[in-house]
Amino acid sequence: MTGSYGAMLDSLTRLRGIRGAMVVSVEDGLVVADSLIAGMKGPPLAALSATLTARVTELTGSSGYGLPRFLHLEGSDGALLIAPAGSDLLLVAVAGRDVPLGLLRLEMLRMAEQLT
Amino acid sequence: MTEDIRALSAQYAADPSSLVFLRLAEALRRRRQLDAALKIALQGLSRYPHLPEAHDLYARILTDKHDYANAFDEWDTVLRLSPDHLGAHKGIGFLYYRAGEPDHALYHLRLAAELDPDDAGLRAAVERVAGGEEIWEAPVPEAPPEREEEARAVTVAAGDPFVGLEGAEERLLLVDQDGFRLGGGLLSGQGIDVSEPAGALLAATTREAIRAARMLELGEWGHLTVEAAGVGICLLRPTHDTSLLCTMDAGLPAGQLSFFAERAAKAARAWLERVR
Chain A
382 MTGSYGAMLD
392 SLTRLRGIRG
402 AMVVSVEDGL
412 VVADSLIAGM
422 KGPPLAALSA
432 TLTARVTELT
442 GSSGYGLPRF
452 LHLEGSDGAL
462 LIAPAGSDLL
472 LVAVAGRDVP
482 LGLLRLEMLR
492 MAEQLT
Chain B
1325 MTEDIRALSA
1335 QYAADPSSLV
1345 FLRLAEALRR
1355 RRQLDAALKI
1365 ALQGLSRYPH
1375 LPEAHDLYAR
1385 ILTDKHDYAN
1395 AFDEWDTVLR
1405 LSPDHLGAHK
1415 GIGFLYYRAG
1425 EPDHALYHLR
1435 LAAELDPDDA
1445 GLRAAVERVA
1455 GGEEIWEAPV
1465 PEAPPEREEE
1475 ARAVTVAAGD
1485 PFVGLEGAEE
1495 RLLLVDQDGF
1505 RLGGGLLSGQ
1515 GIDVSEPAGA
1525 LLAATTREAI
1535 RAARMLELGE
1545 WGHLTVEAAG
1555 VGICLLRPTH
1565 DTSLLCTMDA
1575 GLPAGQLSFF
1585 AERAAKAARA
1595 WLERVR
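Chains as they are written, first to last, in our numbering: chain A, 382 to 497; chain B, 1325 to 1600.
Bear in mind the hints are in silico, worked out from the structure with no lab data behind them. Bear in mind the structure is a predicted one, so any value in this text is a computation, not a measurement. One or more of the hints may lead you astray.
[Said to hold, decoys possible] From chain B, some residues computed to sit far from chain A (all C-beta separations above 12 Å): (1) 1330; (2) 1332; (3) 1335; (4) 1341; (5) 1370; (6) 1387; (7) 1397; (8) 1424; (9) 1443; (10) 1451; (11) 1463; (12) 1493; (13) 1598.
[What the hints assert, rightly or not] Restraint-style ranges between C-beta atoms, simulated for each label pair: (14) B/1487 - A/484: 33 to 41 Å; (15) B/1535 - A/495: 24 to 32 Å; (16) B/1422 - A/439: 30 to 38 Å; (17) B/1330 - A/484: 54 to 62 Å; (18) B/1462 - A/391: 54 to 62 Å; (19) A/391 - B/1538: 22 to 30 Å; (20) B/1426 - A/442: 29 to 37 Å; (21) A/439 - B/1461: 29 to 37 Å; (22) A/392 - B/1342: 38 to 46 Å.
[To be verified] Covered, in the sense of this in silico footprint (three residues per stretch, anywhere, with C-beta under 8 Å from a C-beta of chain A), are these stretches of chain B: (23) 1510–1518; (24) 1535–1545; (25) 1550–1564.
No residue lacks a Cβ here, since even glycine has one placed at the ideal position from N, Cα and C.
Modelling step: build the complete structure from the supplied sequences, incorporating the hints.
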């Protein structure tokens, strides 16, 4: 299973400026599969992504907007992108600065659809 | 019990950043070593300022020390972080009852009893405050009236930051770091006012976004955009101690949402400078 995720994640990390991508379990915030550049730690990224998504889901749920489809956390040095795939998995990517996020978003949404 | 405290103290000394401070301070509190319990609780709170259990523990110690005003504030903080916190509803209910405000006491004790229906003592307390068992047939009120009134008072006193902006009362929501509404308002897709529940979660989401940006070395947090069913949402911080939520219909260009959000943030900053 990890192998099929691996090919998908590798295709994401081949995009310019992507520091890493992973599939995360929503329930426990654990890494299911990852493709990260050297030095990037998977478990904290997975846990933070799951927690942030849970918070956003609470917010959108309480506001009557339903489930989030895509999250984009923008920092001055990079971005965290999360595409929930059903209720069990998250597709997560970390991008550096000056990355064409539009293409990345479309790819992630497409892949999240496949994961569902 | 002494052994427990010794063992917990040893664990805490070995790893002061662990959550064992909760058990240690509680054990000390039960032994009536309140100053020691207070010290440990405060150390834990400094490490975990957003942990509801840490505020709840601190509030219980303050109550034991008869510092009811600060205990109330701590439990109030717990409820902003975790609106369904059993201990906080029980604690605040007790403080209201003690202060001679049975309506507020009943509200919180009723919620606590809903959260823990097997607590016979709690049910008895509710019936005592309500003056009879028929209380269980009446529905629990929607929200504590005093919080809504406070938020309204702040807004009314200072005007609204988004006057003149499109969607000022239904698409823009400004809250402080505790989730209190400072201005604007938020309507759900069904036209229901969701400003209050969204406010508390907005503040919590902002804290999580800041933490994620810092720990993932993304630099200073700029904004968080979210695509949901039929709506685009943008969260940002006009100032270090406020959060702003903007929504737009899905399908509009992302740049338009950012522009709208930045414009609202600018208005919020100007308003905050004026009223503070």
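Quick rundown of the hints versus the structure:
1. 1330: Correct as stated: the minimum Cβ-Cβ distance to chain A is 33 Å, above 12 Å.
2. 1332: holds, 26 Å
3. 1335: The assertion about residue 1335 of chain B holds, with a minimum of 23 Å to chain A.
4. 1341: holds, 15 Å
5. 1370: Non-interface label stands for residue 1370 of chain B: nearest chain A Cβ at 21 Å, farther than 12 Å.
6. 1387: The claim stands: residue 1387 of chain B keeps its Cβ more than 12 Å from every Cβ of chain A (closest is about 29 Å).
7. 1397: At about 24 Å from chain A, residue 1397 of chain B clears the 12 Å cut-off, so the statement holds.
8. 1424: holds, 33 Å
9. 1443: holds, 26 Å
10. 1451: Non-interface label stands for residue 1451 of chain B: nearest chain A Cβ at 31 Å, farther than 12 Å.
11. 1463: holds, 20 Å
12. 1493: holds, 15 Å
13. 1598: holds, 28 Å
14. B/1487 - A/484: 33 to 41 Å: holds, 39 Å
15. B/1535 - A/495: 24 to 32 Å: Given a distance of about 30 Å, which is inside 24 to 32 Å, the answer is holds.
16. B/1422 - A/439: 30 to 38 Å: At roughly 32 Å between Cβ atoms, residue 439 of chain A and residue 1422 of chain B fall inside 30 to 38 Å, so the hint holds.
17. B/1330 - A/484: 54 to 62 Å: For residue 1330 of chain B and residue 484 of chain A the Cβ distance comes to about 60 Å; the hint holds.
18. B/1462 - A/391: 54 to 62 Å: Check passed, 60 Å falls within 54 to 62 Å.
19. A/391 - B/1538: 22 to 30 Å: holds, 28 Å
20. B/1426 - A/442: 29 to 37 Å: Roughly 33 Å apart at Cβ, these two residues keep to the hinted range, so it holds.
21. A/439 - B/1461: 29 to 37 Å: 31 Å Cβ-Cβ, so the 29 to 37 Å window holds.
22. A/392 - B/1342: 38 to 46 Å: holds, 40 Å
23. 1510–1518: holds (count 6)
24. 1535–1545: As far as the region 1535–1545 of chain B goes, the hint holds, because 10 residues have Cβ atoms under 8 Å from chain A.
25. 1550–1564: holds (count 7)
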